[in-house]
Amino acid sequence: GNSVTQMEGPVTLSEEAFLTINCTYTATGYPSLFWYVQYPGEGLQLLLKATKADDKGSNKGFEATYRKETTSFHLEKGSVQVSDSAVYFCALKSRGGGSNYKLTFGKGTLLTVNP
Amino acid sequence: GAGVSQSPRYKVAKRGQDVALRCDPISGHVSLFWYQQALGQGPEFLTYFQNEAQLDKSGLPSDRFFAERPEGSVSTLKIQRTQQEDSAVYLCASSTQAGDYNEQFFGPGTRLTVL
Numbered sequence: 003g004n005s006v007t008q009m010e011g012p013v014t015l016s017e018e019a020f021l022t023i024n025c026t027y028t029a030t031g032y033p034s035l036f037w038y039v040q041y042p043g044e045g046l047q048l049l050l051k052a053t054k055a056d057d058k059g060s061n062k063g064f065e066a067t068y069r070k071e072t073t074s075f076h077l078e079k080g081s082v083q084v085s086d087s088a089v090y091f092c093a094l095k096s097r098g099g100g101s102n103y104k105l106t107f108g109k110g111t112l113l114t115v116n117p
Numbered sequence: 101g102a103g104v105s106q107s108p109r110y111k112v113a114k115r116g117q118d119v120a121l122r123c124d125p126i127s128g129h130v131s132l133f134w135y136q137q138a139l140g141q142g143p144e145f146l147t148y149f150q151n152e153a154q155l156d157k158s159g160l161p162s163d164r165f166f167a168e169r170p171e172g173s174v175s176t177l178k179i180q181r182t183q184q185e186d187s188a189v190y191l192c193a194s195s196t197q198a199g200d201y202n203e204q205f206f207g208p209g210t211r212l213t214v215l
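Chains D and V supply the protein sequences, listed in that same order.
For the first sequence, position 67 matches number 69 in the numbering used here, and the numbering has no gaps at all.
For the second sequence, position 66 matches number 166 in the numbering used here, and the numbering has no gaps at all.
Bound conformation, chain D alone (with noise of 0.2 Å):
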């Protein structure tokens, strides 16, 4: 079955550190990932996704690039901010097939920016 396993938390960085938080994966066929965050009292945002092997997904100066040799989707921020604080998930969806529509989610690794 599908299983994604994250780098545990919690993160703790000064503003303008770089962020790491490291992502693998166990999937049946070729799937496509994802990036979650969750502000503290809001629902899970989509941050960035990639559907295919080498795809590079960024958004808000977080990158993530799709590894299959490693089968990694690693987070990464050149210069985190105060408001980046946050929880942080790393999700697969299987392509095709019957069940192309769940979610395998990680466990969450909450991160805290300080000024």
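Don't take every hint at face value.
Which stretches of chain D does chain V cover? Using the computed rule of at least three CB atoms under 8 Å from a CB of chain V, they are [stated by the list, open to error]:
| no. | segment |
| --- | --- |
| 1 | 39–49 |
| 2 | 104–112 |
Over the 10 Å line for every Cβ pair with chain V, so calculated as not near, a few chain D residues [what the hints assert, rightly or not]:
| no. | residue |
| --- | --- |
| 3 | 15 |
| 4 | 21 |
| 5 | 28 |
| 6 | 56 |
| 7 | 62 |
None of these hints come from the bench; they were simulated from the model.
We put the CB at the ideal spot given by N, CA and C, even for glycine.
Using the hints provided, position chain V relative to the given structure of chain D.
Coordinates of chain V only, in the frame set by chain D:
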């Protein structure tokens, strides 16, 4: 426009009580999903509707869980005879269609606490 809304936002139930959680999807969204998020975990898929048809209920943890979407819009997740292990945040999501390219938009969730 309005996003996905859920009510109540918080629910406290005594063990053995029945509860009903409501989801109002984005207007016109055909697909609707329920996920369960236990404390410190990522969301896990419960069930999926395409219009009023429940096409997948494989994630429902027991026969005490029941979901419906009778008119293809609002959905209700009902839990009968609640147990302490049912304590979690219940997330609803909707999308225009269900395929792997269609973004799921999440509501803020209902936090259920069973005493």
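Consistency of the hints with the structure:
1. 39–49: With 6 residues in contact (Cβ-Cβ under 8 Å with chain V), the coverage given for the segment 39–49 of chain D holds.
2. 104–112: holds (count 7)
3. 15: holds, 21 Å
4. 21: Fine: 19 Å to the nearest Cβ keeps residue 21 of chain D off the interface.
5. 28: holds, 14 Å
6. 56: Its Cβ never comes within 10 Å of chain V, the nearest being 18 Å, so this holds.
7. 62: Residue 62 of chain D is indeed farther than 10 Å from all Cβ atoms of chain V, at 16 Å.
In summary, the structure agrees with every hint in the numbered list given earlier.
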